[in-house]
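> Listed here are the chains, written in short residue letters.
Number of protein chains: 2
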Amino acid sequence: MNKQAFQDCYPDELSHCYGCGNNNEHGHQLKSYWQHFDEHTPLKNTTIARYTPSDVYTAIPGFVYGGMLASLIDCHGTGSASAMAYLSQGREMGSLPVLRFVTGALNIRYLAPTPQGVELVLIGRFSEVKNRKIVVDITLLANDVVCVKGQVIAVLMPESMLGNSTLS
Amino acid sequence: MNKQAFQDCYPDELSHCYGCGNNNEHGHQLKSYWQHFDEHTPLKNTTIARYTPSDVYTAIPGFVYGGMLASLIDCHGTGSASAMAYLSQGREMGSLPVLRFVTGALNIRYLAPTPQGVELVLIGRFSEVKNRKIVVDITLLANDVVCVKGQVIAVLMPESMLGNSTLS
Numbered sequence: 001m002n003k004q005a006f007q008d009c010y011p012d013e014l015s016h017c018y019g020c021g022n023n024n025e026h027g028h029q030l031k032s033y034w035q036h037f038d039e040h041t042p043l044k045n046t047t048i049a050r051y052t053p054s055d056v057y058t059a060i061p062g063f064v065y066g067g068m069l070a071s072l073i074d075c076h077g078t079g080s081a082s083a084m085a086y087l088s089q090g091r092e093m094g095s096l097p098v099l100r101f102v103t104g105a106l107n108i109r110y111l112a113p114t115p116q117g118v119e120l121v122l123i124g125r126f127s128e129v130k131n132r133k134i135v136v137d138i139t140l141l142a143n144d145v146v147c148v149k150g151q152v153i154a155v156l157m158p159e160s161m162l163g164n165s166t167l168s
Numbered sequence: 001m002n003k004q005a006f007q008d009c010y011p012d013e014l015s016h017c018y019g020c021g022n023n024n025e026h027g028h029q030l031k032s033y034w035q036h037f038d039e040h041t042p043l044k045n046t047t048i049a050r051y052t053p054s055d056v057y058t059a060i061p062g063f064v065y066g067g068m069l070a071s072l073i074d075c076h077g078t079g080s081a082s083a084m085a086y087l088s089q090g091r092e093m094g095s096l097p098v099l100r101f102v103t104g105a106l107n108i109r110y111l112a113p114t115p116q117g118v119e120l121v122l123i124g125r126f127s128e129v130k131n132r133k134i135v136v137d138i139t140l141l142a143n144d145v146v147c148v149k150g151q152v153i154a155v156l157m158p159e160s161m162l163g164n165s166t167l168s
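Chains A and B, in that order, are what the protein sequence lines are. Numbers 1 to 168, taken from my numbering, label the letters of the first sequence in order. Numbers 1 to 168, taken from my numbering, label the letters of the second sequence in order.
Heads up, some of the hints might be wrong.
To be verified - Here are the simulated distance ranges between beta carbons:
#1 A:P158 - B:R132: 37 to 43 Å
#2 B:M161 - A:G90: 45 to 51 Å
#3 B:D8 - A:D144: 16 to 22 Å
#4 B:R125 - A:R91: 40 to 46 Å
#5 B:K149 - A:E39: 28 to 34 Å
#6 B:L43 - A:D38: 55 to 61 Å
Bear in mind the hints are in silico, worked out from the structure with no lab data behind them. For each residue, glycine too, the CB sits at the ideal point set by N, CA and C.
Model the full assembly from the supplied sequences, consistent with the hints where possible.
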């Protein structure tokens, strides 16, 4: 297990997501990692991402717009699910057949207005891990205050979305 | 009741939302309306919005990214809540004190991949209407197929978010 971002292990054909794809130059390019207890000790049930939204993503001036927060939670959730799937199968992330997850359901609670101009921290934990379904509970903090909580019910990407690729 | 978009009735100070604000030149500028049975007959429990996302909002090539879909549902929900609040108080939309809603919770189910390059239609219906809390159930369709269902639990914007404005 290394410190490479989960999204950097996605195959090129599946790296166009506006929220987290390396191949989407207009998008957010969120990066998710295993959280580490120290430099050498990853926590195997906790993931982390950090992101500072641009000020254009306004709700009302001074606060981040809810759609951006939902997007960050969504992409941190599917990325975390993919990483956990590889981990639980004892496989190197990115190896074939690909274990890429999509969102079946996304449940968000906005607990406090999220300030702009601040690095947001997303912490993911796993409440269910099955072969084709992984549930990730995510807490989003700004200035150490919990602003948003979300749950991503991630499902293994159906073959119909993989098209004619050689990833399956 | 006229055919003006709900978001066009928001006061200028509260029109910066990336999803639906007239004053956000980078954003989506979603427009929501009462759905009409015919030209002169609005349906007082149903709202509608139409939007065709740009192809940059990709999940994987060919499909719209879930964060965009969550954003559209979010803004259609809060816009619909505002319109319903004015309607149920018998007031003209946009009149003061302002009845602007924010999202307390957002629950989304992605039922089918949403194709790109297609006009998406969002239909909103109200399952709960109280003075400070309105619940909007939203169905998002592409090519007449239901792709996403969402529920927005909208709450009246707290005065702490209105700042020093004269809107309250």
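> Broken hints, numbered, in rising order?
The structure conflicts with hints 3, 5, although it agrees with all the remaining ones.
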